[in-house]
Amino acid sequence: MKSSIVFWNILMKDMRTYYLKPPNISWGIIFPFAWTLMFFLKSKSAVDISEILPGVMSLAVLFGTTSMLAVTITFERRSRSFDRLLLAPISLNLLMLAKTAGAIFFGTLNALVPALFASFIIDLSGANWVTALFSVILIAVTSTFLGLFISVAVSEVFEAQTFSNFFRFPMVFLCGLFFPVQNLPALIKPVAYLLPLTYGADMLKTSLNGTGFIAPWINFLVLLGFSLGLFLVSTHFIKKRWIY
Amino acid sequence: MNILEVKNLTKDFDGFMAVKGVDFSVKRGEVFGFLGPNGAGKTTTINMLTGLARPTSGTINLAGEDGVKNVKKLQQIMGIVPDESNLYDDLSGFDNLTFCASLYGMEKTRREKRAQELLAQFRLADTGKRPFKAYSKGMKRKLTIAAGIIHDPQILFLDEPTTGIDVESARQIRKLIQNLNKKGTTIFLTTHYIEEAERLCSRVGFIVSGKIVRLGTVNELMQEAQNEHTVQFSLAGGLLNVKEALRSRFIDYTVSIDGDTTVKIQSPSPINLIPFIKFFEDHNLMVYEAKIIRPSLEEVFVKVTGIELKNMKQEKEGGRRRKKQ
Chain A
1 MKSSIVFWNI LMKDMRTYYL KPPNISWGII FPFAWTLMFF LKSKSAVDIS EILPGVMSLA
61 VLFGTTSMLA VTITFERRSR SFDRLLLAPI SLNLLMLAKT AGAIFFGTLN ALVPALFASF
121 IIDLSGANWV TALFSVILIA VTSTFLGLFI SVAVSEVFEA QTFSNFFRFP MVFLCGLFFP
181 VQNLPALIKP VAYLLPLTYG ADMLKTSLNG TGFIAPWINF LVLLGFSLGL FLVSTHFIKK
241 RWIY
Chain B
1001 MNILEVKNLT KDFDGFMAVK GVDFSVKRGE VFGFLGPNGA GKTTTINMLT GLARPTSGTI
1061 NLAGEDGVKN VKKLQQIMGI VPDESNLYDD LSGFDNLTFC ASLYGMEKTR REKRAQELLA
1121 QFRLADTGKR PFKAYSKGMK RKLTIAAGII HDPQILFLDE PTTGIDVESA RQIRKLIQNL
1181 NKKGTTIFLT THYIEEAERL CSRVGFIVSG KIVRLGTVNE LMQEAQNEHT VQFSLAGGLL
1241 NVKEALRSRF IDYTVSIDGD TTVKIQSPSP INLIPFIKFF EDHNLMVYEA KIIRPSLEEV
1301 FVKVTGIELK NMKQEKEGGR RRKKQ
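Listed in order, the protein sequences are those of chains A and B.
Just so we're aligned: 67 in our numbering is position 67 of the first sequence, and the numbers increase by one with no gaps anywhere.
Just so we're aligned: 1310 in our numbering is position 310 of the second sequence, and the numbers increase by one with no gaps anywhere.
Among the hints, a few may not be true.
Subject to a maximum C-alpha distance of 20 Å in a straight line, what follows is the list of computed SDA-like cross-link-like pairs (lysine to any residue) [unchecked claim]: (1) B:Lys1264 with B:Ile1277; (2) B:Lys1069 with A:Thr235; (3) A:Lys2 with B:Arg1110; (4) B:Lys1073 with A:Thr235; (5) B:Lys1137 with B:Tyr1088; (6) B:Lys1020 with A:Tyr244.
Don't read these hints as lab results, they were simulated from the structure.
All chains, please: the whole structure from these sequences, using the hints.
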């Protein structure tokens, strides 16, 4: 009961102070909307839109989660309000899960913008929305924990942004969002398989248009592994660096 | 009975020893003060006691439990007020307090009631809806202290509670600290204001370069500087006329005359006032006041540590400016 009070209040505080602020709401809507518009205008037909929708949704989640979490945690570290959380009688795992829950929720909402937009243009009745939502949540969890890992590695807000981009932009091109992983040069292909978004995007493709090429259970296990790994490594470094 | 016992506590930052084997205990219900210059190890010690830093070696026993192994459990009975107000700028005073209460698992109705009580107690009821960023420095400090006691802790750690705020707010905060202590809260305080330690603390530890160089009650520490006894007489006037007679009559004493109305008598042994009063009566001088002058804690600190108070303040201000940059 006590843990649920702490978890819920940290989540609500973050939603109020960061994620549901007008600039972030507009960012959460405008950014995926702009990506969607850009790709959809470029697409020649409804088939094209269906093909690129999983990539646009993955992109919206990736950009909505990594930098937001990395920036909010780095900001709280700088203002020392994060110390207040570290000094609370709660486990570090619970604290970090509560801190990341807001970004996961925000990222999931971001993915709905291109989906909603596409639903007005093409027929999406063939999509499996349950597994699509599950895939979006898994991408959001992995990307958020990547943001957590970034926040542990940096000490300034601007570093968090820069470091996020260091991970994000290669992912845009290497994870099969818009260019199939199978068509990548042989030298680069192994890099794609080292990035979690490759598996998230593939899972989403399978759910939305059936073009994924990796078995869903492999995607699920790999994403689960990435999430657990990033979370455990991040909390390990938090214990080592922040509780010095 | 001791609520906190610290033995041989050490903190090594990659070869730099910030705290060098300190030993001390804090009695339940007392105000214990840590006094020392910037970089002496005060904040590092507080961080180790509260769980924000891991001791390199040594033991901490808080309320009968291992303060290193069980620190998460013990944080429930600790209140912590850091040296800088670290609440959330965009949340109101009331919301900041209820959020902090929620971190201790307090139910909604209880935390809202407690937040209202504290806002009233800290004279912030009128500004409870204002965002924290709109508060003055003194108000921020008071709200940060209120956040530290929202869960009724058994022991409150206060790191430099009145540094950088106006005189009136500092006075109010000292009063609040005294009231909290009267209600039974044990207080561990760090300060570089010697007069604050003197006024608030029952026992004081001087910490310099990571070591406790002296520890005791304020009275015990003052005894150390009591090399000689001093009495000051205030008279209606006419002292200058009897200056030489006074000095020749009391040849075993050091007599310092300040103007026509004040004279200070110093002696290595206790001073008997009667002969002096008789002397003034014989010379028709009216005595208004006879005052025993005691050494201040500041004098003791300077004597023990060799650090001048003004240097300590300059260091502290410099440290704060550097932090802001």
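For each hint, the structure was consulted:
As the CA atoms of B:Lys1264 and B:Ile1277 are separated by approximately 13 Å, the hinted pair is consistent with the 20 Å bound. Taking the CA atoms of B:Lys1069 and A:Thr235, the gap is about 18 Å. The hint holds against a cut of 20 Å. This hinted pair checks out: A:Lys2 and B:Arg1110 have alpha carbons roughly 13 Å apart, not beyond 20 Å. As the CA atoms of B:Lys1073 and A:Thr235 are separated by approximately 19 Å, the hinted pair is consistent with the 20 Å bound.
The hinted pair formed by B:Lys1137 and B:Tyr1088 meets the criterion: a straight-line CA distance of about 14 Å does not exceed 20 Å. Taking the CA atoms of B:Lys1020 and A:Tyr244, the gap is near 17 Å; set against the 20 Å cutoff, the hint holds.
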